[in-house]
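Protein sequences appear in the order of chains A and B.
To get the numbering used here, take the position in the first sequence, counting from 1, and add 105.
To get the numbering used here, take the position in the second sequence, counting from 1, and add 273.
A hint or two may mislead.
What the hints assert, rightly or not - Here are some chain A residues the structure puts well away from chain B; computed CB gaps all over 10 angstroms: (1) I682; (2) G762; (3) P772; (4) G792; (5) P834.
To be verified - Quick partial rundown of chain B residues pointing at chain A, CB under 7 angstroms, derived from the structure: (6) I280; (7) W282; (8) S333; (9) T334; (10) D364; (11) L404; (12) T433; (13) G478; (14) P487; (15) F491; (16) D522; (17) G626.
No wet-lab data here; the hints were simulated from the structure.
We put the beta carbon where it would ideally sit given N, CA and C, even for glycine.
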Amino acid sequence: MAEQNRLIARIQGVTHTYKKIHAVDDITLDIPSGLMVGLLGPDGVGKSTLMGLISGARKLQQGHLEVLGGDMASAAHRNMIGPSIAYMPQGLGKNLYAELSVEENLDFFGKLFGQSSAERRARINRLTKATGLHGFLSRPAGKLSGGMKQKLGLCCSLIHDPDLLILDEPTTGVDPLSRRQFWQLIATIRQERPSMSVLVSTAYMDEAEGFDWLVAMDAGRVLDTGTPEALKARTGAEDLETAFVRLLPKEKRGDITELVIPPLEQSEATPAIVAKGLTRRFGSFTAVDNVSFEIQAGEIFGFLGSNGCGKTTTMKMLTGLLPVSEGEAFLFGKPVDAGDLETRKRVGFMTQAFSLYGELTVAQNLKLHARLFHLTPEKTLERINTLVERFSLAEHLDALASSLPLGMRQRLSLAVAVIHEPEMLILDEPTSGVDPVARDGFWQLLVELSRQDKVTIFISTHFMNEALRCDRISLMHAGQVLVYDKPQHLVAAKGADSLEEAFIGYLEDAISEQEQKQDVHKKEKEKQGAQKQEKQQQAPLDQSALSAVAETTEEPKKAKLHRFSVSRLLAYSYREIMEVIRDPVRMGFAFLGSALLLIVIAYGISLDVENLNYAALDHDQTPASRDYLSNFEGSRYFNKQPDLHSKEALDQGLKSGDITLAVEIPPGFGRSLKKGETPEISAWIDGANTTRANTISGYVSGAHINYLSELAANAGVDASAVSKVTLEPRYRYNPTFETIYSIGPKAPAVLLLLFPAILMAVSMAREKEIGTITNFYVTPTRRLEFLIGKQLPYIGIGMVNFVTLTLLVVFLLDVPLKGSFWGLALGALLYVFTSTSFGLLVSTLTKSQVAAVFATAILLIMPTINFSGLVQPTSTMEGGGHIIGLLWPASYYMHLSVAAFTKGLGFTDLIGDILVLSLFGPILIAITAAFLKKQEA
Amino acid sequence: MKAWINIFWLGTKELRSVFSDIVMVVLILYSFSLAIYSQATATSESVNNASVAIVDEDHSTLSRAIANALYPPYFKAPELIAPNQVDQSMDLDHFMFVIEIPPQFEEDVRKGRQPSVKINIDATAVTQAALGNQYIQNIIVDEVNHFINRSDKTTPYPVTQVQRRAFNPNGTGMWFGAMNALINQISLITIILTGAALLREREHGTIEHLLVMPLNSFQIVMSKVWANGLIILVAFTLSMQLVVETILDVPISGSRVLLLSGTTLYLLAAAAIGIFLGTIARTMAQFALLMIMVIVPITMLSGGLTPVESQPEIIQPMTWLLPSRHYMSFAQAVVFRGADLSIIWPQLLIITGLGGIFFSASLALFRRSIATSH
């Protein structure tokens, strides 16, 4: 594979569109192999899309793309070369499973490539030793620092010895020391395996200096290609950043004039921000540790550090968003108080992520914020006009904020943050992912605000060149401020060439200092552990260990990899089980939730109409009338209320719902009865609830007939002789006629459908939203392996639930299981298979977690409760409800469950329902597999 | 005053957010139209199309007359089966009722020997079994009387009883079903909408943005409650007018203004529950699971499915805490019984009280959760 002249990718006229936006716009490009190729450009220029296409994770829309000598439009070719490509998507630990440990993550990837357990162990051992992760094998990936996550991501990518390694912005948001180590690691690996090509994208121009060949991109197009030297020579620039800007089309280049920052006028005013020993803990984790600094009014103060080092937490404490665990903070000389709305009017804040309302237009966003700050209408107009002009937002006023390019959004965010003319601005990484030109423009605005309007600016960033523009900066690492001073002083103090080197120097100091402390204070066990790990993380590369990786024993049988593999399926199951076990919330709902709801449903639905409130309106008040009314007393059905005295009271009682039945005896009832005039008694029934009214009607008739036969008996007539026929009703299966024997067995049907389906949908939708589904796209996993592998654990949870619910029904609700347990269990298995398949289908068709979860819940609840025969048998329904009931699996499971519990039927009599239930799952899975794409759109 | 202006403007933003979320809009439209229509029409009558079989060992005019008297819509046309098929056919659920008419039935009736007719009832469908049994008994007695007297004249009884159905004289089941469906939908959608509004804000990070502005948590929560409440109120009104009154033809006896005011109060209580859940849930997935845990009791125990007085005594006091229970009895009273304020004020008071409690609790929790959020 090591022919230098071959191409890794041949791109011809490739265009990729998302909702009318050309992410990649008619690109034609040949990428040479055996090199370290860099894609260069800010966020949103199409780098990630292009990498996704080359890796096969994204579906080719238009154009022709050959990768590793074959057409990527062909599924057969993708299957064949899939195992030769490794793809690490953008975002820290994006393709890692946060709940799984380092070792489990690596093991999972090894399994996907069909490696034996011995081979996996050997590879994991070598890779982790080479990257310094060996000491953290059991630590969950979610708890690693950014740099370590990226190293783990790299290890996962390298576990199958790929020929092409695709890394999408692997170092964004990582501290400079880890970044340097990461590139050293890549360089060493390439030395060992020169045949391997690396395709990498980055937004840091300085990193790109070390690459072999560059592709500079902008707006979905290629600006230029060549070695870094060639690019610089062509543009006559000294560094790549300038070269890149000069490659941009003219109208985008903006103001080429260097950004000049007028010197800060020293002021003696109260410091704008004072932090004294600020500390913030989350549980046992100390996010910010004893941080102190002072920021002068009008100063631009920079916070420099990697992701997760505590910058954001510190800023949140200063704004009162987070209470401090220890220490004090002062704004304008006043202690920070979360409830103090007045101070907030003096501060403008811009959070890390884009935090405006994407669904509002630019003008609406500005107006909303002006209103929330209670600017007068005239003032609002004036401010908006000024800001729109100053920030060049005029042409975008009516565009939705979410549709703006990143640089424009950041400008809008800043405009919103200063709409009320604050004295201080707190900006949390405002320029992440913004292209260099837009960044310069943004800084121009900041400088104006600072120097002209005397606004104090507190800004965090991980760009070194931005830090250089600040009046003073503080370097942060692992929750601590290492040092703060003027950037030039910091560089000078370390005797370094650049701020980056100075920062690395300070980092190394901090680490060795920690090590020394560790030797001295052996008692501080907890800290010690953390520091030791720190040390190992930063340990120099173990060259010999790494070379061992290259000597990997045998060439994996890549050809066989795309066949259906049970072990790969089980790898997914195992991983899913680990994830569920480590998420107590999901576990809790899975087991406790359904048990709790069983009790609510089983006890809550009672069809036994009892304790009806009734009252009498006795116009007669004779022994005869009392005799009639006595029929209603002392029964469990009727509950006597005080007598009524007027027709109005009767109406009122029925209206208010105090009574549901009123018996009205006409005046002169006793007399008429004696005379044989056939007096008429009126029974008023509350007809609002029709089912109940029907039942009451039956009771009332019964009581009347009872009266009549007593009357006859008293008159000396044998009542039984009057009737011509004896009726013998036999209540089969439920002789005591209690609802619980019907609802008890049916309630689990509701829960065994809802819970497994929702848990399944959540799991799948999460994978899509977090991005780990990429692993399904870029590994040789087949659809059914993925679907069924993910499904098995939830079927297991469902079956555990089934057993729990059955026990509850038998022992708590006292409904004996008279029929075949195994028949019921088999039915339950098929039913749970159905419900999890339903969850998979819905989450495959929907885009977000929210949509998946709500669609699953809403689609399931109504038919299951209303149309499946829970209260009313499906056969007695009409119209759409009847049809839904017939097609709904819950109908059959409820039927089966009642048959097994209450009717006491044996296995053979249950087969009918079991057969029907066995159809749903496979059909749903087949539809899901048809809709599940092996590539992203 | 300034606070209310903030609440107003924030609320308008909320309205825009909901309308730009297609999934939510479709969900609301479906829930207040199709969902209500299909629920109301599906469960029309208590006994409908019940399957009956007859074991006729008599083959007489009378036995055939009984068979012919069982007809739709209550019963399907009865099937004739052999005596040995009774058990199995009932086991397999082919019939809900099996009537066994003994040999020489007609003769025995004529001779006054009081022959007995067995009615086998599948008692696993409780309500239908009880009502169907009554109907069948009445039919048999009527047919026997008719046969004996050769006329429709019934034996005169010393006293007659007339049953009058108040509020729904014809016993149209759809009326109740429609109201029930509508009430359950409001609970469900209000909770989803407000809870999701809060979580969306949290997931997009905009909640912090709001908190650094001169706004307090009361204003943030209140704006969500009114905006989402208004959407549901409009949806409720339209659904009431178009689906329930016009299409399903359900008469509303009480005052519409009263119904809407009560609904507004209930919406506030339900929205407070939504906020409460949205505050404890960290992710949408957790919210969905929590919501299921809450919505099932809210709809099952409200008294729509089972009247509260028929629920087990352990559960009854707990249902008192559910605003849906009080709203259900309020809405039934106004819609069906034409009750006015003098009758249903206690329910309104309880709904308001519970709403107030939930609202304060969720507000307190919301404040706390923001303080500890990562």
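Residue hint S333/B, partner chain A, criterion CB-CB below 7 angstroms: This hint is violated: S333/B lies away from chain A, its Cβ roughly 13 angstroms from the closest one there, beyond 7 angstroms.
Interface-negative label, P834/A against chain B, beta-carbon threshold 10 angstroms: The claim breaks: P834/A does not keep its Cβ more than 10 angstroms from every Cβ of chain B (closest is about 5 angstroms).
Minimum beta-carbon distance criterion (7 angstroms), P487/B to chain A: With a minimum Cβ separation of about 4 angstroms from chain A (threshold 7 angstroms), the hint on P487/B holds.
Status of the D522/B interface restraint (C-beta, 7 angstroms, chain A): violated, 15 angstroms
Interface hint compliance - T433/B to chain A, C-beta minimum distance less than 7 angstroms: Where the cut-off is 7 angstroms and the nearest Cβ of chain A is about 5 angstroms from T433/B, the hint holds.
Hint status (Cβ of F491/B to nearest Cβ of chain A, threshold 7 angstroms): This interface hint is violated because 11 angstroms lies over the 7 angstroms limit.
Restraint check, 7 angstroms cut-off on beta carbons, for W282/B near chain A: The hint holds - W282/B has a Cβ within 7 angstroms of chain A, the shortest such distance being about 4 angstroms.
Chain B versus G792/A - minimum CB to CB distance exceeding 10 angstroms, so not interface: violated, 3 angstroms
Status of the G478/B interface restraint (C-beta, 7 angstroms, chain A): Holds. Min distance 4 angstroms.
Beyond 10 angstroms from every chain B Cβ - status for I682/A: holds, 18 angstroms
L404/B as chain A interface residue, shortest Cβ-Cβ below 7 angstroms: holds, 5 angstroms
Check on G762/A being off the interface with chain B, judged by Cβ distance over 10 angstroms: violated, 6 angstroms
Violated hints, in rising order: 2, 4, 5, 6, 8, 9, 15, 16, 17; the structure is consistent with all others.
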